[in-house]
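A.B. asks: Letter by letter, the chains look like this.
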Amino acid sequence: MTAPALEVIGLHVTFGTGARASRAVCDASFRVAPGEAFGLIGESGSGKSTVLRALSGLNIAYEGSILLHGRELPRVRDKAFFRHTQMVFQDPYGSLHPRKMVNQVLLEPLAIHGLDRRQERVDAVLEAVGLGPAFRFRYPHQLSGGQRQRVAIARCLILEPEILLLDEPTSALDVSVQAEILNLLHRLRTERGLTYVMVSHDLAVVAHICDRLAIMNRGEIVEELSVAALRAGTATQPYSRTLLEASIGYRPVIVDEAGAA
Amino acid sequence: MSGIQTIQETGRQGGSLRKWLSAPVPDSPFQARMQALWLAWLRLRGNPPALAGAVMLVLLILVAIFAPLIATHDIFAQDLMTRLQPPSAQHWLGTDDLGRDVFSRVVYGSRITLYIAFLAALIAGPVGLLVGTTAGYIGGWTDTILMRLVDIFLSFPSLILALAFVAALGPGIENAIIAISLAAWPPIARLARAETLTVRSSDYIAAVRLQGASRLRIIVHHVMPMCIPSVIVRITLNMASIILTAAGLGFLGLGAQPPSPEWGAMLSSGRQFVMNAWWIAAIPGCAIVFTSLAFNLFGDGLRDMLDPRHG
Amino acid sequence: MADPLLRLRDLRVTFPSPVGPVEAVRGVSFDVGREKLGIVGESGSGKSMTGRALLKLVPKTASVSAAEMNFAGIDLLAASERRMRTIRGARISMILQDPKYSLNPLMHVGEQIAETCRLHQRIGRAQAKARALAMLEAVHIREPGRVYRLYPHEVSGGMGQRIMIAMMLVTEPDLIIADEPTSALDVTIRRQVLSILDELVTTRGTGLIFISHDLNLVAEFCDRVLVMYAGRVVEEVRAAELNKARHPYTQALLRSLPRLDAPVEVLAVPTRDPEWRDGPTYRFGEAA
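Quick note, the sequences are listed as chains A, B and C, same order.
Read left to right, the first sequence gives residues 1 to 261 (the working numbering).
Read left to right, the second sequence gives residues 1001 to 1311 (the working numbering).
Read left to right, the third sequence gives residues 2001 to 2288 (the working numbering).
I should point out that these hints are in silico values taken from the structure, not numbers from a laboratory.
Treat the hints with caution; some may be incorrect.
Computed Cβ-Cβ distance ranges for the label pairs, DEER-style [said to hold, decoys possible]: (1) B:Pro1157 with C:Arg2085: 43 to 53 Å; (2) A:Leu58 with B:Phe1153: 43 to 53 Å; (3) C:Gly2145 with B:Pro1048: 56 to 66 Å; (4) B:Pro1157 with C:His2153: 38 to 48 Å; (5) B:Leu1051 with C:Glu2265: 49 to 59 Å; (6) B:Ser1155 with A:Val76: 36 to 46 Å.
One side of the interface only, derived from the structure: several residues of chain C facing chain A at Cβ under 7 Å [stated by the list, open to error]: (7) Ala2024; (8) Ser2183; (9) Ala2184; (10) Val2187; (11) Arg2191; (12) Leu2254.
Note that the Cβ used here is the ideal one computed from N, Cα and C, for glycine as well.
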């Protein structure tokens, strides 16, 4: 068995201090094999996005270990890490700088890392995400949601990473645009052998892209299972089953809400 | 023959410039920027008060640039025989107590006023921007120290602060400019810091952090561009107060020194003649009002123009 | 339809823009009775604008026109703003997407419900409070007395939406327009909120216009579905017959959704055929 590309051991993330401390993530552990697509499913407050932010290095206030190819990552990541791991954000309207043209957005990471043949790489990556050179000199407000998300994906790819962290990449998009972006993500993974860690609240989306997934509830990983098992409905934990049923369709069920704040 | 061809060419040129500016796919960063500017111009056109302000400003700048051509008399030439003359055909806006032509002095005075205003803005703006964005982005002790510094400066009324500096450094235009800038930068820093705090938590900043960008790069290339429009608008709206402070200093004899035709100084010397020769004080006063109004009107419309989201 | 609550014919909503007038809604017609009607579309289809135009809540710069906009005998188009104020909240209510933004953050939630009561019905404070508490119970909130005194930021999303529903139904309106009422909610909460809406709407015989981008959700919850594209209704089907939809756009939407039970390698991406802009509308399988 090859070493996992990414391994999380005993991740704890707490926000706030003292009496007002709230545990966002509690003892999360999982492994992602190289070339695998791993999904983290949960509802709001489950801690899934917090896990992703800890993985990416955006949030360094965590306990536990994160290992990349067997080597533990320091809390403050170095530049080499960012060539290796990139992140696609949820809101396409917020993830591009409003005052920078697409070309500038894509050239910047190349400048930071001192790579050569810059314009060539920019053109290549724009083709790879299905936008042509015509988009180079547009501002984000001149692009649609789907196009912005493609630019965001291109920005990640231009450093040729191995691992892509995806934070609900299609939940802010229209249904038809979602299909395009999901197809793109699937194709890129197959073509480039990328490893994905995708966070979502939508089971169907995760099932489409990922091979394995973990279900999170209130900061804990409730169950890990393969997508095949999910489709077959063989989830074992009660929360997983509730989530599965709720995702499949609407059937009248009324619960008296207790009013906890 | 050649005349008609030239006209046709001009027509085609006009048409092709339009087409270039409204091309859906820009071919170069330059074209993209020009298109953005053209759209900003269209937005300005659709805002009559702001357009009026812009026209007034352009007029002012033209008057300042072409002052030697517009002025009718030598501004320093004294003629005690023709002192305190009301507006007439020879002296369009009359003469002052030393027989100097008021019109020409007001025209040349525009140079001084614009010089002071733009230079003060040019100093206060970048300083405030730098302090505010750094404090806002880095946070912690840097933020605390810088903002307390801002608080100290803000606790002085601007005219008093300017007075204190000019008194310490000595009267003169350059010192007046420094003094005014010192009073004008703290609100800019506050504004820049507030914008930075909002910008700091955006996804696009997170994205560039994830590329390994240094803090300096993030502040200069990503945070500042978001703060600059608000800063420009704020400074433009502050211009009126900068001009009035400059006039105030001039009025007190601490700004431009006589015989310089600075409007505030002219106002001051015209005080004693307000009853019988009102034009000596009123005309520079109107000029000050005109300039302040122009900046205010234009500043109001600037935010619309500078926000690319309204493309 | 025998005696519809709402008759709408040829609704048009136009906005001025630098490039000329833009029609957000281009000739929408439908009837609503005491049933659940779903309106589905993507962003830009005009579905939200349709809902708002019915209550004349469009921006001032927009102009609304229709051949007929009749609610229970009242001509909504000709109604004055004063008349509309007596209708909004009392006879036609609107439930919005995010209770964070639609509840007043400075008032107790219970008081907001009571306020709605007092605004439209001449009853005293005590009676309004009693009605509000009864309504909170009707949306299955345990301890209504305690929740009455909470502020909006102290309640969860699902409960906030229940409170919103309570607020909008306390005056017993004839018609509810719900604009993406569950889009901001988690999946498990969504079912509960919809069940409550279902129960209330059925027991009180209220009409419901359910606007959403989620085709499957609307199809399972509503009785009839309208699909909107580019400001027009392109298809009308009975919810149970959605899989027999005829319009290529509806079919494309259905095929482009990833499904848990039917994995595909590549999702079908709807091509935007320019013919759809002015092409035929399919009503119950027949082109119209």
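A.B. asks: Each hint needs a verdict: does it hold in this structure or not?
C.D. replies: Results of checking the hints against the structure:
{"no.": "1", "hint": "B:Pro1157 with C:Arg2085: 43 to 53 Å", "result": "49 Å, holds"}
{"no.": "2", "hint": "A:Leu58 with B:Phe1153: 43 to 53 Å", "result": "35 Å, violated"}
{"no.": "3", "hint": "C:Gly2145 with B:Pro1048: 56 to 66 Å", "result": "57 Å, holds"}
{"no.": "4", "hint": "B:Pro1157 with C:His2153: 38 to 48 Å", "result": "40 Å, holds"}
{"no.": "5", "hint": "B:Leu1051 with C:Glu2265: 49 to 59 Å", "result": "57 Å, holds"}
{"no.": "6", "hint": "B:Ser1155 with A:Val76: 36 to 46 Å", "result": "38 Å, holds"}
{"no.": "7", "hint": "Ala2024", "result": "16 Å, violated"}
{"no.": "8", "hint": "Ser2183", "result": "10 Å, violated"}
{"no.": "9", "hint": "Ala2184", "result": "9 Å, violated"}
{"no.": "10", "hint": "Val2187", "result": "5 Å, holds"}
{"no.": "11", "hint": "Arg2191", "result": "5 Å, holds"}
{"no.": "12", "hint": "Leu2254", "result": "10 Å, violated"}
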